[in-house]
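S.K.: All chains, full assembly: derive it from the sequences and hints.
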Amino acid sequence: MERLSAWTAYLQALPLTLIFLVFFALPIALVVVVSFFDYQTYQILIPDFVLFNYEDVFSSSVTYQTYLITFRFCLMVWAITLVLGFTIAYFLAFHVRTITMQIVLFLLCTIPFWTSIVIRMIAWIPLLGRNGLVNKALLAMGVTDAPVEWLLYSEFAVVIGYVHLYTLFMIVPIFNSMMRIDRSLLEAATDAGASGWQTVWNVIVPLCKPGIAIGSIFVVAMVMGDFVTVNVLGGGQVASVGKAIAAELSYLQFPPAAANSMVLLGVVILLIMLLMRFADVRKEL
Amino acid sequence: MGARSRSFYILATIFGTFVFFLYGPMFAVILLAFQGPDGGLTFPMNGISLHWFADIFRPQSIGDIWGSFDRSIKLGLMVMLATVVISFLSGLAYRKRFRGSSVLFYVVIASLIMPSIVVSLGIGSMFELLGIERSWWSSAFGAHLTWTLPFGLLIMFAVFNRFDPAFEEAARDLGASGWQTIRHVVLPIVAPSLIGVALFGFTLSYDEIARTSQSVGALNTLPMELQAMQTNVTTPVIYALGAYTTALSLVVIGASLTGVLIFRWRQKRHGSDADKGMV
Chain A
1 MERLSAWTAY LQALPLTLIF LVFFALPIAL VVVVSFFDYQ TYQILIPDFV LFNYEDVFSS
61 SVTYQTYLIT FRFCLMVWAI TLVLGFTIAY FLAFHVRTIT MQIVLFLLCT IPFWTSIVIR
121 MIAWIPLLGR NGLVNKALLA MGVTDAPVEW LLYSEFAVVI GYVHLYTLFM IVPIFNSMMR
181 IDRSLLEAAT DAGASGWQTV WNVIVPLCKP GIAIGSIFVV AMVMGDFVTV NVLGGGQVAS
241 VGKAIAAELS YLQFPPAAAN SMVLLGVVIL LIMLLMRFAD VRKEL
Chain B
1 MGARSRSFYI LATIFGTFVF FLYGPMFAVI LLAFQGPDGG LTFPMNGISL HWFADIFRPQ
61 SIGDIWGSFD RSIKLGLMVM LATVVISFLS GLAYRKRFRG SSVLFYVVIA SLIMPSIVVS
121 LGIGSMFELL GIERSWWSSA FGAHLTWTLP FGLLIMFAVF NRFDPAFEEA ARDLGASGWQ
181 TIRHVVLPIV APSLIGVALF GFTLSYDEIA RTSQSVGALN TLPMELQAMQ TNVTTPVIYA
241 LGAYTTALSL VVIGASLTGV LIFRWRQKRH GSDADKGMV
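Protein sequence lines, in the order shown, are assigned to chains A and B.
For the first sequence, position 128 (counting from the first letter as 1) is numbered 128 according to full-length UniProt numbering, and the numbering increases by one without interruption.
For the second sequence, position 150 (counting from the first letter as 1) is numbered 150 according to full-length UniProt numbering, and the numbering increases by one without interruption.
Simulated from the structure, these hints should not be mistaken for lab results.
Idealized CB from N, CA, C, for every residue including glycine.
Keep in mind that a hint or two might mislead.
[To be verified] With beta-carbon atoms standing in for the labels, derived distance ranges:
#, chain 1, residue 1, chain 2, residue 2, range
1, B, T13, A, T100, 19 to 25 angstroms
2, B, I195, A, L186, 31 to 37 angstroms
3, A, A25, B, S177, 33 to 39 angstroms
4, A, V143, B, G36, 28 to 34 angstroms
5, B, R58, A, D38, 45 to 51 angstroms
6, A, F278, B, L112, 14 to 20 angstroms
7, A, D145, B, P44, 18 to 24 angstroms
8, A, I99, B, T234, 35 to 41 angstroms
9, A, L270, B, S7, 37 to 43 angstroms
10, A, A6, B, V85, 53 to 59 angstroms
11, A, V62, B, R6, 48 to 54 angstroms
M.R.: Following this line, the structure appears as structure tokens:
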């Protein structure tokens, strides 16, 4: 019987293993291999072992610029989604009193995510565009004389787009951490004379670290690799690492794109290892 | 539990502003989809009409909307089915010990964090090197699974962590075989969660762009087509399309939630207590 159940576990895990072997492990290994390949206009992949794809990545000043911009996006979006996500999770976890109400408010936050991601981004155009609502309001109020140009197709628009898309990914894990906090700890803090802020800062924030770490990993990983948001809301003006790779792929330059991807992957792994030091993510499940 | 404090009202205002921020753009799009025939991409409304909703059905220059829509739905359903079955099986496997389980777990989580464009590029290169033509039902199908399965597995972990094994023991004591235990005890208890996994699988696939980009081949999925469209469409027809797809998502979600409720109700009517199996 024991023997049999060991076999069934392998059989049950087999489909998952196969899928990730064929469509994940093997392809990622191939990206490593392809990053050393040569390429020509009419032949995407020429098996070879050359280093110039990497040399190109590291010697080009464009690389450093795009990484700088991407890091800046990452930092801004992380800071905004963290503060916003924590505040909203705190509101839902500690100020909303019934579970039904919590579920209703949560659903309210998730409904916009049921629309296509492209539509959600296009939706900013009538608001932020040159003749958009925001500009009309600013003109009417006399704040500016001419429409503000940097609202759309700019780094500003890209950050707005990210915050719009990713704040929920911060709210959910932090909320999950907050719901596990023993309420008597908060009472103890109050009894010991802590003010509301002191309780939040010295009790709740430390206990939410795992949730904050998981949310941060999500946000950082998604912003670092994104090219869709930058494409739609950044217009032609804004570059990011993901967009640079996507651009190379659109010219069918697979090997340089692969080298670029490897560098990106290294950076993302470093960032995530940094975040993992703050929490044991597996314990949270 | 006393009167609401001042911080409650401040936080409630922040929450309200956030919800407004989430919904504002969507409302603008749906409103603008009702533009009059001469209306443009921005406010003000130039009359109110259903012109742009009808425009979608006219053969015109705006790309292969219906073909890509058809492919996206089929792909979404394929991914949904595969995600449910594979996540459920893996969830069962992870309740026992097996060799390599933690390596497999870390690989699955790595897929969640891996920049999507890298996965896409890898799958694209693999098919290119093997000389197999990329298409939505093969390479893109696999690419989507690398995105939906981590979510499915995490949900199954959460489900089985709260699963009371006493029900299975009781079934076994009463002489049920392994298969019977799963079919008549485990499945009914976790069924609502599986509908959740299905919903996740479909939505994530239906909306996927980054992993699809290099793996889809010649025929696009709907989000890819929309992304290509948005650069060169200058009429509100794209807003009408947005309104349609939003409505479709709401119908799908509504139908699934109704499904869960009907399922629960039927279980109750037959005197089942399967919903008590989660602790």
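S.K.: Each hint needs a verdict: does it hold in this structure or not?
M.R.: We went through each hint and held it up to the structure:
1. B/T13 x A/T100: 19 to 25 angstroms: At roughly 22 angstroms between Cβ atoms, A/T100 and B/T13 fall inside 19 to 25 angstroms, so the hint holds.
2. B/I195 x A/L186: 31 to 37 angstroms: Hint holds: Cβ distance 35 angstroms, inside 31 to 37 angstroms.
3. A/A25 x B/S177: 33 to 39 angstroms: 35 angstroms, holds
4. A/V143 x B/G36: 28 to 34 angstroms: 30 angstroms, holds
5. B/R58 x A/D38: 45 to 51 angstroms: Distance hint for B/R58, A/D38 holds at roughly 48 angstroms.
6. A/F278 x B/L112: 14 to 20 angstroms: 18 angstroms, holds
7. A/D145 x B/P44: 18 to 24 angstroms: Given a distance of about 21 angstroms, which is inside 18 to 24 angstroms, the answer is holds.
8. A/I99 x B/T234: 35 to 41 angstroms: 48 angstroms, violated
9. A/L270 x B/S7: 37 to 43 angstroms: Holds, at about 38 angstroms.
10. A/A6 x B/V85: 53 to 59 angstroms: The hint (53 to 59 angstroms, Cβ to Cβ) is violated, given that A/A6 and B/V85 are roughly 22 angstroms apart.
11. A/V62 x B/R6: 48 to 54 angstroms: 51 angstroms, holds
The structure does not agree with the numbered hints 8, 10 stated previously, though it agrees with the rest.
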